[in-house]
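Work out the full structure: start from the sequences and follow the hints.
Chain by chain, the residues run as shown.
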Amino acid sequence: MIIFRLALQSLANRWLTALLTILSIALSVMLLLGVEKVRTGARQSFADTISGADLIVGARSGSLNLLLYSVFRIGNATNNITWKTYQDIAARPDIAWVVPISLGDSHRGFRVMGTTPDYFKLYHYRHGLPLEFASGAPFSDLFDAVIGADVAAELGYKTGDKIIVAHGLGSVSFLEHEDKPFRVSGILAKTGTPVDRTVHVSLPAIEAIHVDWQSGARIPGQSVSVEEVRKMTLEPKAITAAFIGLKSKLATFRLQRAINEYPEEPLSAILPGAALQELWGLVGTAESALSAVSAMVVLTALLGMVTMILTTLNERRREMAILRSVGARPVTILSLLVTEAGVLTFCGVALGAVLLYIALIVLQPFIDRTYGLHLAIDPPTWDQLAVLAAIVAAGVVAGLLPALRAYRLSLADGMTVRT
Amino acid sequence: MSGVSFAWPGRNPFDLVIENFALKRGERLFLVGPSGSGKSTFLSLLAGIVTPQKGVIDVLGADIAKLNGAARDRFRAEHYGIIFQMFNLLPYGSVIDNVLLPLSFSRTRRARAEAEGGVHAEAARLLETLGLEKAVIGSASAANLSVGQQQRVAAARALIGAPELIIADEPTSSLDRDRQQAFLDLLFADIDAAGATLVMVSHDESLSSRFTRIVNLTDIAKTARKG
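Chains as they are written, first to last, in the working numbering: chain A, 1 to 419; chain B, 1 to 227.
No wet-lab data here; the hints were simulated from the structure. Bear in mind that the values here come from a model prediction, so they are computed numbers and not experimental data. Heads up, some of the hints might be wrong.
[Claimed, not checked] Quick list of in silico lysine to any residue cross-link-like pairs, SDA-like style, CA-CA up to 20 angstroms:
#  : chain 1 : residue 1 : chain 2 : residue 2
1  : B       : Lys-39    : A       : Arg-318
2  : A       : Lys-37    : A       : Ala-350
3  : B       : Lys-222   : B       : Asp-15
4  : B       : Lys-39    : A       : Asp-413
5  : A       : Lys-190   : A       : Phe-72
6  : B       : Lys-39    : A       : Ala-412
7  : B       : Lys-66    : A       : Pro-330
8  : A       : Lys-84    : A       : Glu-178
9  : B       : Lys-66    : B       : Leu-130
10 : A       : Lys-247   : A       : Asp-94
11 : B       : Lys-54    : A       : Ala-412
12 : B       : Lys-66    : A       : Ala-412
Right, here's the structure in full:
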């Protein structure tokens, strides 16, 4: 079609400004799609991490706080649960299984978590995938440790290596349990969850390394050697939180209330899914703001395109007079400009999508490592395609502005334009 | 044209009244007039770019003053070839593209050009008869041509598909003196071959020698400036 050919030739003639316009639209589209990707990626990553637990119990604190530190290892517990309380709860008839965890130590920036061997069987992520061992096996010895995939990758550990656990969470700690080293008994396969960044040890082992400590410091003058410790019976005194699986989901709320009202100790029980929704509720406003901002950026880019076409209109009045003289109708000239706007927007949108995918492919591993955020590289959803189509349509409509002006100009000028 | 009365709307109120004017088929009309006498307005009326408020403009049996905008545009595409004084070409098209431009808007002319052995061949032939160098004919960009070359391309565009009426608004004014007559001679040759009618406007009376009829615009039209 002649209009399409003329539009392409006309744009090619002004290729530098056309390219800049396309680039600005592309960047804005990349931002819009990128924000959406991160948003859904974050939600997906978090949702994937929620284990198959029906309830999570911890010392009384806000439900978000409990969720964040127990499942995502973000933040800290306000308090611990005594072992007696744990046993009390665990004995309740509604419960099918229960896994206690103990947090508070670290190894070179990675959290150390004390738990029972059941954890490796019972933890499920991403709608039912169980944990798998890339090498080695769960704890058999007191001082065995199972490390997550990222810990092994970043620190270069293999099964059988020795590691020292530090007290507290700093990556550099002055308080180390160097007298009681651990042996890496197993390395877990990658899950894309905080499990990858955790060092798992048994609950007695946590007890063992703190046996000569009190209130967070080594008791001077008293040190218990490894051999002596092995001979002691090490029952945990306290745990940080526990994951509970119920025999029947119907018991969930009843048990939750019972735990919340437990008279011996202040406790909180949360439903992981509900707590996560609370998190999204909090973040929701920020997400909307971010989406609104990126939509504004797209509009700005389109306005830039309209400006570009408008400013060249004056130079093109001669061109329009020529077209009119060979019999082009004013509508033809309008279509020519609208087509130019459409072509520019379409190229911008397409380039933006391509750039986003390139950026995703390049940055995905880095983002996963640094933020624990898994951004899936999948083809655009129908919703996203609809948004892109809407942007192209908006570009065409925006093109009407200069096109209508050109329409009127070409009518008024006739043959008398002398440039 | 009879009883034509036209006023430009807008910033420069300018009236043009033509009582009676007739042009025979095949004539070569040389239209003179001082600047501001309304030559461009006259051509615009003749080409159907603008419509008079009153009067009849009968071209080839059709009163274009009564046609609506789209019909006039179609009529212009079919029956007119227009050459401006300068800046005739679309800078982003090739030479051949520019010559073929009217064929996208007129089926009859396209058919006639096709019949001559294909539109590209016909365009090249016209350009050669008008004296355009072979190397330039294949040029990918019309923007690099000299003024003389551009005018030849404009003439070829006006002639392709053999429209009945050629309108030229000072086509030689941008050319060197010694080239002007030569250009006109080549133009006349092609127009005669096609049997078309030529209306050329110019302020330079020395070019009028080969024309069949010379008319001074002030003789046939009355202009008045308002305000």
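Checked hints:
Under the criterion of a C-alpha separation no larger than 20 angstroms, the hint pairing Lys-39 of chain B with Arg-318 of chain A is consistent with the structure, at around 19 angstroms. Between the alpha carbons of Lys-37 of chain A and Ala-350 of chain A the distance comes to roughly 17 angstroms, so the proposed pair stays at or under 20 angstroms and holds. A C-alpha spacing of about 8 angstroms is found between Lys-222 of chain B and Asp-15 of chain B, which places the hinted pair at or below 20 angstroms, so the restraint holds. A C-alpha spacing of about 15 angstroms is found between Lys-39 of chain B and Asp-413 of chain A, which places the hinted pair at or below 20 angstroms, so the restraint holds.
For the hint pairing Lys-190 of chain A with Phe-72 of chain A, the CA-to-CA distance comes to about 16 angstroms; that is within 20 angstroms, so the pair holds. Distance hint between Lys-39 of chain B and Ala-412 of chain A is fulfilled; the C-alpha atoms sit about 17 angstroms from each other, no more than 20 angstroms. As the CA atoms of Lys-66 of chain B and Pro-330 of chain A are separated by approximately 18 angstroms, the hinted pair is consistent with the 20 angstroms bound. With a C-alpha separation of about 30 angstroms, the suggested pair Lys-84 of chain A and Glu-178 of chain A falls outside the 20 angstroms cut-off, and the hint is violated.
Pair hint Lys-66 of chain B plus Leu-130 of chain B does not hold up; C-alpha atoms about 36 angstroms apart against a cutoff of 20 angstroms. Taking the CA atoms of Lys-247 of chain A and Asp-94 of chain A, the gap is about 6 angstroms. The hint holds against a cut of 20 angstroms. A hinted pair counts as satisfied when its Cα atoms are at most 20 angstroms apart, and Lys-54 of chain B with Ala-412 of chain A qualifies at roughly 19 angstroms. This hinted pair checks out: Lys-66 of chain B and Ala-412 of chain A have alpha carbons roughly 19 angstroms apart, not beyond 20 angstroms.
In this structure, the earlier hints numbered 8 and 9 are contradicted, and the remaining ones agree with it.
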